[in-house]
Amino acid sequence: MSSSSLSREEIRRHYAVACQSSGGGAPPDVEPYLANFQEPERSALRSELEALRQAGGATVDFPGPDSETVDRTADAADQSGPSVDFSLSRGGATTDFAPGDPRATTDFAPADPRATTDFQPGATQKKGKLDAPPQSIGNYDILGVLGRGAMGVVYKASQRGLKRIVALKMVLSGSHADERELVRFRAEAEAVAQLQHPNIVQIYEVGEADGRPFFSLEFVEGSSLDRKIRDNPLPAREAARICQKLAEGMAYAHQRGIIHRDLKPANVLLAADGTPKISDFGLAKQMDAQDAGLTRAGTVLGTPSYMAPEQAEGKINELGPLSDVYSLGAILYDLLTGRAPFRGTTLLETLEQVRTREPVPPLQLQPTVPRDLETICLKCLQKDRTRRYASATELAKDLERFLKGEPIQARPVSTAERAWRWCQRNPWVAGLSAAVALVVIAWAVTSSALAWGLKLQKDEADLQTNIAQKQTAEALRQEGIAKGQTILAQKNEKSAKATAEETVGAMAKLGEIIYQRLQSKRLAVSGDPNVRKLRDDVLATLRQSLQDVSAKIDKAGATPFGAPGAAQAMGRVLAKVGQGDEALKNFQRSAAILEQMVKAAPNNDQARANLGVILLDLGDTALAIKGNAAEARDHYTRAFKLHNEILAQPRDGSFPPQRNKIILSHDAHHLGEANLALGDPAAARKHFEESRVLRRAWTDAEPKSLEARSYLMQIHMCLGMAESFLGDDKKTDQQFAEAVRLGNSVIAAAPKYVPFRADLAEVQGNHGDAVLRRGKLEEAGKIFQQAMDNLQFVLSKRPDDLAYQTHLALAHERLGLVSARLGKKKEAQKHFSDALQLRLELLQVAPNNLTRQAAYVLALARAGKHAPAANVANKLRASMAKGVELQLQLARCLAVCATNDSPQKASQLKQAVEVVQKATTGGFKNATVLRTDPEFTPLRADPAFKKILAEVKAR
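Using this note's numbering, the letters of the sequence shown correspond one by one to residues 1 to 955.
Just so you know, these hints were derived from the structure itself, not from any lab.
Each hint should be verified, as a subset may be incorrect.
[Said to hold, decoys possible] Listed below are the simulated EDC-like cross-link pairs for lysine to aspartate or glutamate, each with C-alpha atoms no more than 16 Å apart in a straight line:
| id | residue 1 | residue 2 |
| --- | --- | --- |
| 1 | 585 | 595 |
| 2 | 918 | 885 |
| 3 | 661 | 634 |
| 4 | 782 | 827 |
| 5 | 776 | 700 |
| 6 | 661 | 645 |
| 7 | 731 | 700 |
| 8 | 383 | 318 |
[As the list claims (entries may be wrong)] Here are the computed distance ranges between Cβ atoms for each label pair:
| id | residue 1 | residue 2 | range |
| --- | --- | --- | --- |
| 9 | 782 | 731 | 17 to 23 Å |
| 10 | 799 | 257 | 37 to 43 Å |
| 11 | 595 | 407 | 52 to 58 Å |
Backbone N, C-alpha and C define an ideal beta-carbon position, used for all residues, glycine too.
All chains should be built: construct the whole structure from the sequences, respecting the hints.
Spelled out as structure tokens, the structure:
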């Protein structure tokens, strides 16, 4: 157990309070309380908690200070920190949370939702026994206990005369209440007494019995909001409705000078009809009143996961209505995603996240979240108070607009702006000579310049306007860079161990911003030298920025993963923009650093796992850019072995097993694809099945995860491809049917999420290939058209995405092949022409990419450009000697060229057979491809080709 975790004694006390607060219901489960303990202490603590469970916690002392409400003046620190996320998949970062829900400030397991118990933060609790509830207090008959806290107790009571059920809140007797507690208790009563609103729990009476103050409250016959969600997101409209009502309630309170300061799901009660009611004004403050010494400057009161940055920093004088607006946004975030915006492994880590980090956009966690609602949520969560809604009233009005289907007033923050704000806050970026400023500002300011520069006006007047506009944009860019230099030069560099890894992650995010700009097809093919220079300058600047950041991190000794993480981030950007050689150098540098780390510390599971992920990057580079499946297989094999060893025999336990299993499923998936590319479907099937088992376990563990389901869909597609090449049509159809079923279920859950639709199109395309191999042309054509329809939807949303453009080119080629075999020559020619244009544009983006070269040459041949296609194909034979799949593409090209009656037909057929021979000698052994591929039809009468086919079948 880490030094920041609760002690065994504190756990027992927390659990006792949770048992006592269960209101007569089932006591809480003990398992979440055992998470940080190892054997044999774990078993001993389980026995103790089970005993308390049986006894209802009745003889246990009061717990210590609130586990989620902290005093920043305390001397506490956690030296551990998350390692760099060597991420594998799309989407945003994910966070693992400790068992137990820390939303409630009372204890690990929330008490009865109708209670409004609060604990005095920072106060030393005195030991004592829990008294039995009295039979009556004043004019109230006590019916039971709703909840207990370190300061008070909440009873369920019946008010005589009126005969109504109330919640009666009372300060503990004797030495359990000091003067500060009494002042705070009275302050809460005074605050709530002023507020008569349908979305605020109403106060009925304030009184005193036997020297103890109490007040009676509206009894809400329902549950609390935190119990309603239980880490599960609500439908978007319901979340908006609840938060709109909460915003109206807080607007009413703010108009009367009351701020809450502890808004969170646990402090929202839900009436039987679903009406949300704000409760627990224990930390409320009148804006025009003195604090009576209750809060010292620098003290943090509230719940870190939901508090505003100014509250997390203890800036008491800055707290106001906008702090509550932030908390309302945090509640909305929780309702939409099933998790708080920030939650670290320790309280201080959570506070640091609130201060310095940007929340993961809700759409990355839940693709079904409407973009307008995400915009509203993120506006509330702005670090800068002036960028939030001006009041809770404005927030309520914008939520009402959303619910009515009207345009909202909030506008989304651009990714570049968000990254720039992060740079301004992060101490690691200070003193980088505005390298980061150049990256962010240049792209933010010059996006309009790029649009101007790409219009390629035809007449002289437009051209002159174009030049003038570009010059203006360049001036703006230079001004922005100068401002960035000034801002960064003014910042004081601080010690920032806790944010070292985040710095590398943010730099990677900047790389993603650049990639999004660079992947524009129009930009990539532009002949404008100014545009190309800007692109090259920004890439060079990003590279230097990452090197500078990693050097500072390494020098400070903040994390061992700074340098390899920075190199990996740059490698991925370069790979995406087609600079394969440079990407490879960065991946190799990252791998070399990690190799040395593993050699120096062979028991460091985190370093070994990160090395495995870099090996996957190296394999992807070899396969996607160089077309070398054999080299890719070697990298994937080593990654699979590393992650498998860590899972089977962990050494220091620094890498989470569940994450390792997910990565291991990716290892097996990649291994299968490499073997499929090498023509070994039997080996591929073995690895695909290993991946399927792991991904099925993932979806079973996280049934609501659309990402897990999408990955499971992909592996069923791969299994279908393997079975097709192995000749088992029944299993092929079963696997593709399951893949399509999973794909449709994911799209039904997130119909507007583009990547899932693209994944389904890929499934349909490969399914059509399998059907085409059986000679079922009409059926294959229908499946290919389904894929085309999905891709057209995808590209209507992301028209310049190069990856989707690649899929579109393939879709045109597939439909062209079917149309040609059905005798529909005009349709075939149209598809092949469209595919050729796309392949040319893709090649212009990355002219040294061997995979794109081979695809372009084959597209030339299919479009009827036989002479240039055959000429280029022969020139490429030497450079593609190490890629068997590339060689097969060249063989197809030469075979297509040989179908005409030109004098070169015989030599082209001979060359095509030679290339096939080279591929099979290099290890390709998929006889099904050689036997069924329609473009190899001209070769099948050739004796040499027959011999090759016989040899492959015999292997």
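Each hint, compared with the structure:
A hinted pair counts as satisfied when its Cα atoms are at most 16 Å apart, and residue 585 with residue 595 qualifies at roughly 15 Å. Between residue 918 and residue 885, the direct Cα distance comes to roughly 11 Å. Compliance with the 16 Å bound is thereby established for this hinted pair. Annotation: proposed proximity of residue 661 to residue 634 is violated, straight-line Cα distance about 20 Å (limit 16 Å). Taking the CA atoms of residue 782 and residue 827, the gap is about 14 Å. The hint holds against a cut of 16 Å.
For the hint pairing residue 776 with residue 700, the CA-to-CA distance comes to about 36 Å; that exceeds 16 Å, so the pair is violated. A distance of roughly 11 Å separates the Cα atoms of residue 661 and residue 645; the hinted pair therefore holds under the 16 Å criterion. Between residue 731 and residue 700 the CA atoms are separated by roughly 23 Å; this puts the pair beyond 16 Å, and the hint is violated. For the hint linking residue 383 to residue 318, the alpha-carbon distance of about 13 Å falls within 16 Å, and the restraint holds.
Distance hint for residue 782 and residue 731: a CB-CB separation of about 21 Å, consistent with the stated range 17 to 23 Å. For the pair residue 799 and residue 257, the beta carbons lie near 52 Å from each other, so the given range of 37 to 43 Å is not met. Judged by the Cβ atoms, the range 52 to 58 Å given for residue 595 and residue 407 holds: they are separated by roughly 54 Å.
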